[in-house]
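Chains A and B, in that order, give the protein sequences.
Numbering-wise (the numbering used here), the first sequence opens with residue 111 and increments by one.
Numbering-wise (the numbering used here), the second sequence opens with residue 111 and increments by one.
Some clues are possibly wrong.
One copy or two, either will do: identical chains are not told apart, so a pair holds if it fits within one copy or between any two.
Unchecked claim - Derived pair list, reagent style EDC-like, types lysine to aspartate or glutamate, alpha-carbon separation capped at 20 Å: (1) 324 to 336; (2) 271 to 336; (3) 403 to 325; (4) 195 to 179; (5) 314 to 245; (6) 263 to 236; (7) 293 to 197; (8) 293 to 283; (9) 297 to 197.
These are calculated hints, taken from the structure and not from any lab test.
Number of protein chains: 2
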Amino acid sequence: MSLLVVGSVALDTVETPHGKGVDILGGSATYIASCARYFIEPVRLVGIVGSDFPQKYLDFLRESNIDLEGLQIRDGEKTFRWGGKYDEHLSGRDTLFTELNAFEKFDPVIPEAYRQSDYVCLGNIDPGLQLRVLDQMTKPKMVIGDTMNFWIKGRRDELLKTIRRLHVFILSDSEAQMLSGTKNLVKAGTQILEMGPPVVVIKKGEHGALLITKDAMFTATAYPLESVYDPTGAGDAFAGGFLGWVAKTDDHSFENLKRAVIYGNVMASFCIEKFSVDAIKNIQSSDIENRVKTIYQLSQFEVV
Amino acid sequence: MSLLVVGSVALDTVETPHGKGVDILGGSATYIASCARYFIEPVRLVGIVGSDFPQKYLDFLRESNIDLEGLQIRDGEKTFRWGGKYDEHLSGRDTLFTELNAFEKFDPVIPEAYRQSDYVCLGNIDPGLQLRVLDQMTKPKMVIGDTMNFWIKGRRDELLKTIRRLHVFILSDSEAQMLSGTKNLVKAGTQILEMGPPVVVIKKGEHGALLITKDAMFTATAYPLESVYDPTGAGDAFAGGFLGWVAKTDDHSFENLKRAVIYGNVMASFCIEKFSVDAIKNIQSSDIENRVKTIYQLSQFEVV
């Protein structure tokens, strides 16, 4: 099986109550690929950076067995930069700056060798670009997509076109509420199913995630962490773990999608323990399995 | 097994986006007893009302097989009244008025016949009164207690004394955060365990509940409702279902406390479907079991 990730590769400046990281490796494609590669290798990445993108980050991605043929390095331009500051409880954040730089001209050209990828993950980018990616793909077995409030507000029509072509639409609770106009998440999920994707996953942060299809529903608990260092990338890590698991097993049954949600939660739990990809650099597969088992034990009970 | 509930019996005036109820039956003891009685009968109730308390409500409580020997009816006084208005999403509410009336002089005298009750549920009342109840009991097998922000802020020392004498302390997520000073619920739960009770249950509304002991943890999903009519009493309904199940089974194992949390979630899900106790008046035991099974199916998965 082959897995393609398209999204942003960025240099983030992040402030949390625990510290500050300047120009640290970030971006949706970075987090997704760094997590998916624990399940399937190599992960193919399509994105764009400037010529200022540090060699050490390129080395890290390559050493993580991420195929960078699709990473455009734009000469003389700067890499996309994002700056954000979290509140003391890490529950809210302010964007301090967004410098699109090279990303502004991003045209996601899919290398010939990638076009037959079995699994495609569309990270959070302009829904028009997400569509452009899909137009270049032969016939992927599964396409999952992510988005954010910015596109829901500003590019709703284009986003609705993209959503219709997804197999799995993954979004956060607040995004689901905004998109559907409904506070109740069960109702929001049901309404989003009607927009086209056969599977919807609503991420609820510390409250886990909700998996919904027309016929079934699953509520997954989050891995319980007593402290969070930096929530940046958690949603992308979830998507990477989710699709990584599905691609590895090549099993689209509801039972297996449930497990994919659990792997998504586990990868997100690692992600937020340190800045950037620091906590997802060197995970042992036994660490992943142990957290899956913990979630299993946490959420199982017997009916008598 | 015998079960005693002590708490408020009130006339509520509630406004939600769905409608308004004036002087409808409410109060913590009312909701707790109305739910617990599906598991064990009769449920003994200690509370206070004024002579204006409608006969139809007394009839309803009696017909629900709730023993009212401990319900004081104060001649010439008015019943405790509470008025509240929920926001459009039913997630926040404003208290419009609180008239303590007869409740102001409530001295929870436990009838002789009640003092050996096996199970005791202390509804949300002044923690000093909760202590006074415990001082009158012979040796209950399990005491569970509830509280609210008002007592955490205003009667912290007294509340800490009460908590130490509980077997199970049930509180909401926001109450747990306020009491512990910690936003993270896993950490908050751990800190509250150190205040004395061997078991802590944190209710998270639509996100379910967290059961914590020193050795184990369980995360229960909520019963998924697409719409909520009136959230009043949900926490009390949870407590009634929880303790009702434990009393019925007389099994204090962690495995059985998990099931108690599920029954708590189920009773809360019925409670919020209508005003007052309207939705918990005539539940069939098969309805309860069906919701337990739904939660089971929603939250179970297999590890491969």
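Taking the hints in turn, this is what the structure says about them:
Only between protomers do residue 324 and residue 336 lie at most 20 Å apart by alpha-carbon distance; the minimum there is 14 Å, versus 35 Å within a single protomer. Taking the shortest Cα distances, residue 271 and residue 336 never come within 20 Å of each other, neither inside one copy (40 Å) nor across copies (26 Å). In this assembly of identical chains, residue 403 and residue 325 lie within 20 Å of each other by CA distance solely across copies; the values are 16 Å between and 27 Å within a copy. In the homo-oligomer, the alpha carbons of residue 195 and residue 179 never lie at most 20 Å apart, since the shortest distance is 33 Å inside one protomer and 59 Å across protomers.
In the homo-oligomer, the alpha carbons of residue 314 and residue 245 never lie at most 20 Å apart, since the shortest distance is 31 Å inside one protomer and 43 Å across protomers. For a Cα distance limit of 20 Å, the shortest separation of residue 263 from residue 236 inside one copy, 12 Å, qualifies, whereas the shortest one across copies, 47 Å, does not. Taking the closest pair of Cα atoms, residue 293 and residue 197 come within 20 Å of each other only across two copies (12 Å); inside a single copy the shortest separation is 23 Å, beyond that limit. In this assembly of identical chains, residue 293 and residue 283 lie within 20 Å of each other by CA distance both inside one copy and across copies; the values are 9 Å within and 19 Å between.
Taking identical chains as interchangeable, the C-alpha atoms of residue 297 and residue 197 lie at most 20 Å apart only when they sit on different chains, with a minimum of 18 Å there against 30 Å within one chain.
Figure legend: structure checked against the earlier numbered hints; hints not met, in rising order: 2, 4 and 5.
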